[in-house]
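Chains as they are written, first to last, in the working numbering: chain L, 1 to 161; chain U, 1 to 326.
Hints in this document: simulated from the structure, not taken from any laboratory.
Treat the hints with caution; some may be incorrect.
[Stated by the list, open to error] Residues from chain U shown here face chain L by an in silico Cβ test under 8 Å; the list is partial:
1) E244
2) L245
3) A284
Just so you know, even glycine gets a beta-carbon here, dropped at the ideal spot from N, CA and C.
Read off the chains here:
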Amino acid sequence: MASILATRGARSSSSSASSSDGFAALLGESLHALRRDCPEAYREAVRRLDGAPVRVEVGGERVLVRGAGGAHEIDEAAFDPAAATLVTRPDVLVALLDGEARLLDCLLDDRLVLAGPVPVLLRLHEALVWYLRGAVRSAAFPGLLHRLRAWSRGQEGSHAL
Amino acid sequence: MMSVAAAVAATNQVRWTPTPSRAAKEWFHFCVVTPGLTAFCNLSLSEGADGRVLALARIGDEPRWHGGQRSHAATAIGQRVCVGDSFMEWRGGRYLVRARASGVEIDLELVPLTVPLVAEKVDLAPGWLGWVAIPRLSASGTVRAGGQTFRLDAAPGYHDHNWGEWRWGGGDFAWQWGFALDDRETSVLYSRLTDRARCRTFDTKVSVWRGALLQRVFAGRAVRVDTVGRAPTTGLRRVPAVMELVVPGEGVEAPRSLDVTASLGDDWLALRYQPEALAQVAIANEADFGFTLIDETSGRFEVKGRIDGVDLGYEGRSLFEFVSFE
Chain L
1 MASILATRGA
11 RSSSSSASSS
21 DGFAALLGES
31 LHALRRDCPE
41 AYREAVRRLD
51 GAPVRVEVGG
61 ERVLVRGAGG
71 AHEIDEAAFD
81 PAAATLVTRP
91 DVLVALLDGE
101 ARLLDCLLDD
111 RLVLAGPVPV
121 LLRLHEALVW
131 YLRGAVRSAA
141 FPGLLHRLRA
151 WSRGQEGSHA
161 L
Chain U
1 MMSVAAAVAA
11 TNQVRWTPTP
21 SRAAKEWFHF
31 CVVTPGLTAF
41 CNLSLSEGAD
51 GRVLALARIG
61 DEPRWHGGQR
71 SHAATAIGQR
81 VCVGDSFMEW
91 RGGRYLVRAR
101 ASGVEIDLEL
111 VPLTVPLVAE
121 KVDLAPGWLG
131 WVAIPRLSAS
141 GTVRAGGQTF
151 RLDAAPGYHD
161 HNWGEWRWGG
171 GDFAWQWGFA
181 LDDRETSVLY
191 SRLTDRARCR
201 TFDTKVSVWR
211 GALLQRVFAG
221 RAVRVDTVGR
231 APTTGLRRVP
241 AVMELVVPGE
251 GVEAPRSLDV
261 TASLGDDWLA
271 LRYQPEALAQ
281 VAIANEADFG
291 FTLIDETSGR
301 FEVKGRIDGV
311 DLGYEGRSLF
321 EFVSFE
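From just these sequences and the hints, can you work out the full model?
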């Protein structure tokens with residue numbers, strides 16, 4: 001049974017079910033880095049996820065990400081209802097970050113699946129834009145991206161959505 | 001008479017000293033243009049010990065650039081700048097350059113053939129910029145790109161060096177520059193500094209060298225700049241690659257055609273440039289959450305004119321740069 005990793009504000013706990021470089025762990029670490037290095041972008045991203053939990057599935061890892069009280073929460077069990085879901089493969093995620101694939105193309109050919117009511121998807125899009133605006137201004141992200149690539153290579157062969 | 005090497009050594013030193021200032025910046029830009037290949041690299045230093053290497057190459061008539069940008073730790077000791085395993089060094093009257101990024105490998109020795117053009121403490125309101133440009137160097141060595149190796153022997157090269165203190169997105173400025181070299185002795189450099197909206201022009205110059213020496217500078221009202229349309233975006237790439245995802249839209253500053261005309265007394269010059277390949281370097285602004293976009297283009301130029309009673313007329317390939325904001 002998956003244990004729960006809940007991260008809120010400065011309080012965080014690790015999970016025995018989390019690989020240190022799994023998708024969920026890297027996502028959590030990146031949000032902490034964003035809050036530290038670019039707090040304004042972090043606030044704007046988290047604010048848009050407040051009341052709109054998003055289930056994210058990448059490479060067989062499933063997490064529920066939400067904003068609450070100006071901080072983020074990541075729930076690895078992801079049993080709670082989600083307002084929207086985002087499903088993709090690790091190699092597609094890396095291709096997007098490396099500029100080798102375009103978001104619209106991935107959506108149109110189902111390499112990336114987004115589902116949810118349009119107002120929630122618009123909030124998710126805005127949250128992603130703020131996350132990325134902060135990410136490119138944080139010194140921690142090149143290292144995180146390097147680790148994401150390494151994790152993605154380790155996931156090759158398990159490419160079913 | 002001072003040699004070209006002595007003139008370069010006297011004016012173009014590495015300025016970098018480690019500083020906590022986020023505003024401090026410095027970079028070194030080297031270009032080569034030879035039949036079948038246009039390539040350039042840029043080694044840049046920013047706050048702390050961070051550096052970036054940009055290396056791009058365009059093969060033949062391809063509408064796109066190969067290569068990309070990488071970040072590494074950087075050091076500057078004397079006249080040698082290292083960014084990861086890339087470096088630039090001024091030694092023995094020549095530049096030694098090695099750049100590695102995203103499959104493009106540049107190893108060149110470049111000997112300056114013209115005296116530099118120097119601009120110090122250009123006001124960027126707020127901030128300032130220093131600039132040294134050497135429009136013609138003799139470049140020898142190798143460039144590897146797209147699985148091919150190009151050997152250069154005394155190919156035409158260009159170098160500029162920028163340094164100063166400003167925050168990206170913090171000042172109301174934008175720039176354009178480009179060069180046009182004939183195959184013998186005429187070197188033309190176009191440079192323009194404007195506000196972001198291109199409504200106010202702070203400085204425009206067309207500088208012409210004959211051989212090693214600066215022969216004529218057209219400036220201010222002696223120069224007219226006209227642009228038409230937008231450069232073709234086929235093959236447009238953003239650098240670094242993640243900016244494809246981060247920067248919205250396909251905004252491009254580079255025009256489909258740039259026409260620069262200059263006249264002073266009996267001297268005149270007309271330069272037309274048309275981009276064929278475009279890569280856009282995106283820099284996250286420090287002053288806001290926007291982006292500074294630098295269009296790096298490879299294209300064709302044509303130069304006509306008459307200076308000191310001598311007619312000019314030549315054409316070729318070159319690189320021009322256009323800055324805008326998102």
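Evaluation of the provided hints:
no. : hint : result
1   : E244 : 4 Å, holds
2   : L245 : 6 Å, holds
3   : A284 : 5 Å, holds
Of the numbered hints stated above, none is contradicted by the structure.
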